[in-house]
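S.K.: Starting from the given sequences, assemble the full structure and let the hints guide the process.
Heads up, the working numbering is the position in the sequence shown plus 268, with the first residue counted as 1.
Bear in mind the hints are in silico, worked out from the structure with no lab data behind them.
Since we're looking at a predicted model, the values are computed, not measured.
Warning: the hint list may mix true and false statements.
Using 16 Å as the maximum straight-line C-alpha spacing, the simulated EDC-like pairs for lysine to aspartate or glutamate come out as follows [what the hints assert, rightly or not]:
id : residue 1 : residue 2
1  : K361      : D345
2  : K465      : E522
3  : K465      : D451
4  : K465      : E510
5  : K450      : D345
6  : K521      : D460
7  : K385      : E419
8  : K450      : D405
9  : K456      : D344
10 : K476      : E439
11 : K297      : D344
12 : K271      : E326
13 : K456      : E522
14 : K521      : D436
15 : K456      : D525
16 : K456      : D387
17 : K409      : D380
18 : K450      : E522
19 : K466      : D517
20 : K361      : D344
21 : K271      : E337
22 : K495      : D436
23 : K524      : D460
24 : K524      : D462
25 : K524      : D451
26 : K495      : D451
27 : K465      : D517
28 : K297      : E337
Derived DEER-like restraints, expressed as beta-carbon distance ranges [stated by the list, open to error]:
id : residue 1 : residue 2 : range
29 : V506      : E355      : 14 to 24 Å
30 : I404      : E439      : 18 to 28 Å
31 : D273      : G332      : 16 to 26 Å
32 : D487      : N410      : 22 to 32 Å
33 : K349      : A471      : 41 to 51 Å
34 : I404      : H371      : 18 to 28 Å
35 : I404      : L483      : 16 to 26 Å
36 : D451      : I377      : 14 to 24 Å
Positions of the beta carbon are idealized from the N, C-alpha and C atoms, including for glycine.
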Amino acid sequence: MNKIDIRTANVVQYISPLREGGSMPAIIKADDDFLYVLKFRGAGQGKRALIAELIGGELARAIGLNVPELIFLNLDDSFAKTEPDEEIQDLLKFSVGLNLGLHFLSSAITYDPLVNKVDALTASKIVLLDSLISNIDRTAKNTNLLQWRNETWVIDNGASFYFHHNWDTWENHLTRTFPLIKDHVLLKQATDFDGAKKSIQNALTTNKIHEIIHLIPLDWLEDDTEKMSPEERRMAYVNYLEGKLAMIDSLIKEAKDAR
Numbered sequence: 269m270n271k272i273d274i275r276t277a278n279v280v281q282y283i284s285p286l287r288e289g290g291s292m293p294a295i296i297k298a299d300d301d302f303l304y305v306l307k308f309r310g311a312g313q314g315k316r317a318l319i320a321e322l323i324g325g326e327l328a329r330a331i332g333l334n335v336p337e338l339i340f341l342n343l344d345d346s347f348a349k350t351e352p353d354e355e356i357q358d359l360l361k362f363s364v365g366l367n368l369g370l371h372f373l374s375s376a377i378t379y380d381p382l383v384n385k386v387d388a389l390t391a392s393k394i395v396l397l398d399s400l401i402s403n404i405d406r407t408a409k410n411t412n413l414l415q416w417r418n419e420t421w422v423i424d425n426g427a428s429f430y431f432h433h434n435w436d437t438w439e440n441h442l443t444r445t446f447p448l449i450k451d452h453v454l455l456k457q458a459t460d461f462d463g464a465k466k467s468i469q470n471a472l473t474t475n476k477i478h479e480i481i482h483l484i485p486l487d488w489l490e491d492d493t494e495k496m497s498p499e500e501r502r503m504a505y506v507n508y509l510e511g512k513l514a515m516i517d518s519l520i521k522e523a524k525d526a527r
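M.R.: Here it is in structure tokens:
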């Protein structure tokens, strides 16, 4: 299995905000001449949303789902100084440093459950992955899926791992299932959980989980308000994922019952 290599680039042009997103990401150009959707560390959920985006995206890629390239993006303070919109100015100011970008898929359209179809295995993989990472944000109201070149692409995993918003109680989540899977946009099409389980178990080995979790920049894990050290929190993500994989049959049963 190929080693994950997350590139780093610098933001050179702020093009436009995506105001339909709650955290107001933006389309930017980097010094590699590509366009990216930039997720800001200074947005509402802060660095934890970037961590969830990074882990969720690379887990999805590891199990064979289509995910835009993820890249670390450095943002300097020059953009905040020249931005006339006060709301965007504040966002840029609080996001100086290392942020996360997704390769911009030009001409992609939002997945529409009434129009677009997803094959049973892909739908089952996405549903089961979202159960594993407790992703509360892949519903008919907000699919966080794109159709690009006749394929379904997984984006926006930042609402996953919601346990990390309260580290004092994170261990309470280790043995919980994910009842909110009942609202998943692909649940009706997810009819191949056996195939999805096999793909996920084959791909998400202990080594692969550790590799993905160790992609998290130390800077994103540092927080003077937390009792747990950055490395303790890094291992908590590993333990969480290994715990969820150990109960994958319970998650499948829950999804089947909901369907």
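S.K.: Compare the structure with each hint and give your call.
M.R.: These are the hints, each one checked on the structure:
For the suggested pair K361 and D345, the alpha carbons sit about 6 Å apart, so the restraint of at most 16 Å is met. Straight-line distance between C-alpha atoms of K465 and E522 comes to about 14 Å, which keeps the hinted pair within the 16 Å bound. Only pairs whose Cα atoms come within 16 Å are accepted, and K465 paired with D451 is rejected, the gap being roughly 20 Å. Between K465 and E510 the CA atoms are separated by roughly 14 Å; this keeps the pair inside 16 Å, and the hint holds.
Of the pairs offered as hints, the one joining K450 and D345 is violated, with about 43 Å between alpha carbons and a cut-off of 16 Å exceeded. For the given pair, K521 sits about 12 Å from D460 by alpha-carbon distance, which is consistent with the 16 Å threshold. For the hint pairing K385 with E419, the CA-to-CA distance comes to about 10 Å; that is within 16 Å, so the pair holds. Among the hinted pairs, K450 with D405 is consistent with the structure: their alpha-carbon atoms are about 12 Å apart, no more than 16 Å.
As the CA atoms of K456 and D344 are separated by approximately 45 Å, the hinted pair breaks the 16 Å bound. The hinted pair formed by K476 and E439 fails the criterion: a straight-line CA distance of about 22 Å is larger than 16 Å. At roughly 13 Å between alpha-carbon atoms, K297 and D344 fall within 16 Å of each other, so this suggested pair holds. Annotation: proposed proximity of K271 to E326 holds, straight-line Cα distance about 11 Å (limit 16 Å).
Distance check on the hinted pair: K456 and E522 sit about 13 Å apart at the alpha-carbon level, within 16 Å; holds. For the given pair, K521 sits about 29 Å from D436 by alpha-carbon distance, which is inconsistent with the 16 Å threshold. At most 16 Å may separate the alpha-carbon atoms for a hinted pair to count; K456 and D525 meet this at roughly 11 Å. About 11 Å separates the Cα atoms of K456 and D387, which keeps this hinted pair within 16 Å; it holds.
Taking the CA atoms of K409 and D380, the gap is about 10 Å. The hint holds against a cut of 16 Å. A hinted pair counts as satisfied when its Cα atoms are at most 16 Å apart, and K450 with E522 qualifies at roughly 9 Å. Taken as a hint, the K466 and D517 pair is honoured in the structure, with Cα atoms around 11 Å apart against an allowance of 16 Å. For the hint linking K361 to D344, the alpha-carbon distance of about 9 Å falls within 16 Å, and the restraint holds.
At most 16 Å may separate the alpha-carbon atoms for a hinted pair to count; K271 and E337 meet this at roughly 14 Å. For the proposed pair K495 and D436, the alpha carbon gap of about 9 Å is at most 16 Å, so the pair holds. About 10 Å separates the Cα atoms of K524 and D460, which keeps this hinted pair within 16 Å; it holds. In summary, the hint linking K524 to D462 is supported, as the alpha carbons are separated by about 11 Å, within the 16 Å threshold.
As the CA atoms of K524 and D451 are separated by approximately 12 Å, the hinted pair is consistent with the 16 Å bound. For the hint linking K495 to D451, the alpha-carbon distance of about 34 Å lies beyond 16 Å, and the restraint is violated. With a CA separation close to 8 Å, the supplied pair K465 and D517 stays within the 16 Å bound. Under the criterion of a C-alpha separation no larger than 16 Å, the hint pairing K297 with E337 is consistent with the structure, at around 14 Å.
At about 37 Å, the CB distance of V506 to E355 disagrees with the hint of 14 to 24 Å. Separated by about 20 Å at the C-beta atoms, I404 and E439 satisfy the suggested range of 18 to 28 Å. Judged by the Cβ atoms, the range 16 to 26 Å given for D273 and G332 holds: they are separated by roughly 18 Å. Taking the beta carbon of each, D487 and N410 are about 29 Å apart, inside 22 to 32 Å as hinted.
Our hint of 41 to 51 Å for K349 and A471 holds, since their Cβ atoms are close to 44 Å apart. Distance hint check: the CB atoms of I404 and H371 are about 25 Å apart, consistent with the given range 18 to 28 Å. Distance hint check: the CB atoms of I404 and L483 are about 23 Å apart, consistent with the given range 16 to 26 Å. Hint check: D451 to I377, Cβ distance near 22 Å, so the stated range 14 to 24 Å holds.
Hints 3, 5, 9, 10, 14, 26 and 29 from the earlier list are contradicted by this structure; the remaining hints agree with it.
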